[in-house]
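Asks: Sequence:
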Amino acid sequence: MNDLPLAAAETRSLKRLLADWATAVRGTNHPQPPAYDGPDITLTHLTENTNEVAPGTCFVARVRATSDGHPYIGQALARGASLILAQRPAAQLGLTIPGEVGYLEVADTAETLAWLAAAWEGFPGRQLVMIGITGTDGKTTTSSILHSMLLAAGLRVGLLSTLKAVVGEKEEPLAPHVTTPEAPVVQRYLRRMVDAGLTHCILESTSHGLAQHRVTAVDFDIAVITNITHEHLDYHGSYEGYFAAKARLFTSLLLDDWAISSHNPAKKKVGKTAVLNLDDSSYGRLAAIPVPHQVTYGLTDAADVTARKVSYEADKTWFELHFNFPLGRWQGEAQKTQMDFRVPCFSHLLGEFNLYNILAATAVARVLQAPPEAIQEGLKKVFGVSGRMERITGGQPFLTIVDFAHTPNSLARSIAAARQMVADHNGRVITVFGSAGKRDVEKRRMMAEVSARQADVTILTAEDPRTESLDDILEMMAFGCRSQGGVEGRSFWRMPDRGAAIYFALTLAQKQDVVLICGKGHEQTMCFGVTEYPWDDRKAAYTAVQAFLANEPMPNLGLPTFRETRD
Numbered sequence: 177m178n179d180l181p182l183a184a185a186e187t188r189s190l191k192r193l194l195a196d197w198a199t200a201v202r203g204t205n206h207p208q209p210p211a212y213d214g215p216d217i218t219l220t221h222l223t224e225n226t227n228e229v230a231p232g233t234c235f236v237a238r239v240r241a242t243s244d245g246h247p248y249i250g251q252a253l254a255r256g257a258s259l260i261l262a263q264r265p266a267a268q269l270g271l272t273i274p275g276e277v278g279y280l281e282v283a284d285t286a287e288t289l290a291w292l293a294a295a296w297e298g299f300p301g302r303q304l305v306m307i308g309i310t311g312t313d314g315k316t317t318t319s320s321i322l323h324s325m326l327l328a329a330g331l332r333v334g335l336l337s338t339l340k341a342v343v344g345e346k347e348e349p350l351a352p353h354v355t356t357p358e359a360p361v362v363q364r365y366l367r368r369m370v371d372a373g374l375t376h377c378i379l380e381s382t383s384h385g386l387a388q389h390r391v392t393a394v395d396f397d398i399a400v401i402t403n404i405t406h407e408h409l410d411y412h413g414s415y416e417g418y419f420a421a422k423a424r425l426f427t428s429l430l431l432d433d434w435a436i437s438s439h440n441p442a443k444k445k446v447g448k449t450a451v452l453n454l455d456d457s458s459y460g461r462l463a464a465i466p467v468p469h470q471v472t473y474g475l476t477d478a479a480d481v482t483a484r485k486v487s488y489e490a491d492k493t494w495f496e497l498h499f500n501f502p503l504g505r506w507q508g509e510a511q512k513t514q515m516d517f518r519v520p521c522f523s524h525l526l527g528e529f530n531l532y533n534i535l536a537a538t539a540v541a542r543v544l545q546a547p548p549e550a551i552q553e554g555l556k557k558v559f560g561v562s563g564r565m566e567r568i569t570g571g572q573p574f575l576t577i578v579d580f581a582h583t584p585n586s587l588a589r590s591i592a593a594a595r596q597m598v599a600d601h602n603g604r605v606i607t608v609f610g611s612a613g614k615r616d617v618e619k620r621r622m623m624a625e626v627s628a629r630q631a632d633v634t635i636l637t638a639e640d641p642r643t644e645s646l647d648d649i650l651e652m653m654a655f656g657c658r659s660q661g662g663v664e665g666r667s668f669w670r671m672p673d674r675g676a677a678i679y680f681a682l683t684l685a686q687k688q689d690v691v692l693i694c695g696k697g698h699e700q701t702m703c704f705g706v707t708e709y710p711w712d713d714r715k716a717a718y719t720a721v722q723a724f725l726a727n728e729p730m731p732n733l734g735l736p737t738f739r740e741t742r743d
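Here the sequence shown stands for residues 177 to 743, numbered as in the numbering used here.
For lysine-lysine, the following PhoX-like pairs were computed, each having C-alpha atoms within a straight-line distance of at most 20 Å:
#: 1; residue 1: K492; residue 2: K556
#: 2; residue 1: K346; residue 2: K557
#: 3; residue 1: K492; residue 2: K557
Everything labelled a hint here was simulated from the structure, so no lab data went into it.
Using the sequences and the accompanying hints, generate a full structural model.
Replies: Shown next, in the form of structure tokens:
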């Protein structure tokens, strides 16, 4: 096997990038670099944004579901682009390419961008044990739990989730409304992890990230599924398309070994492994993908990793962890005996859905030979994940919780968890949520139906309506409530302003109730039209609590809907 040197320069030669790509995949079933016989180009960076184009830039004409970069190639050339990466011939676009400018025509600019970005950074994913976590719900929480467990086990592990990037001791927030970052950003973070001496990386891999090749050219070792339910059908077109995007993470484990070696002993030791949710409907189809090793988790005794003696409390979840599989089989060892560990644990995370997240993280930790005591210790240190069942405490006599639940399934699970918190006192669950514009239309009705069935009171409000009519979105959701017997003004309300909706929910709450504010979680903006307004559900909820306790009206938090709720 050949090794590629890790270039430290801030510029890259196009022909060297293509040659390094060819070296990395020679003799394998990985995508091969495109043929190129144009001039060599010294590149400064790769971008699909014409505003970032300058001499030395490679402009990438990305083709997305709702946009096409090809009409902007002329602007990129006018701004001095040195290389154009496109999917259509220049002549077909009516373009004349200057002799000193490279034009690289490929089948998929997103896929080629990913490989060029990986080559640019010296294929850092090859030097890290790469753990990819995908699923509809629970990816971020599972990633955070696993990160804590592996740190407790003494591993040097980085994290790249939809919330943040963690490289050693350094933690950085990511841009709002971003799922998995674009390929150049992913590869840049992986390079930083390698340079910082890390050996493992947890990479949250969304369906968009997988479908749009943001995590292509990453050498995954372990693929984890949380669940697959109704979400993002606006983008993927159908459940089948959505499932196929998730499944890419697992089929990537079937690709040939790379033609460049890894210098990480931990990576050489771990085998390609799928971690599957035995209780989820996705299990059968994902288990049929012939990944060399599989481990299951769930709340049934048949799972390799499970929990028994579960007790849900208002502030903790108590349980006994059981893992029952031959530890050595993922490391190519001869050990065949079952290893039935029973470990008493507690978690500050609440609800059955978080127990599944814990089990998924535990399964990965055990595959990586983390000892039971590290799993216990790592779990204890996770007090909560930003915007995930996060309590807002301001002196109010009832629970107020902010959660990211924005799908029918996650909303149902969050309501179920809230119900467990008030079960002993017969309290009510009051939900506040919306449904985003320019996204899956069907889930608007479905989420409203879930709340009408499972919650006691539902407040429908704004959640990133974008360029759609908020009134129309709320009417679709109101229809869902009515279809389940909801009565407007008695069991559900429509309040366009999200701040006013939160405040109104507080005025309805009694001592033993839970006000559950769902959909935005950790996000920092809300989109109306094409404008992103500053917004944080946690800050809004705390402000509403303070106003409520002071018997003052809800202040204006800056959304364009506020005025209409005052009329």
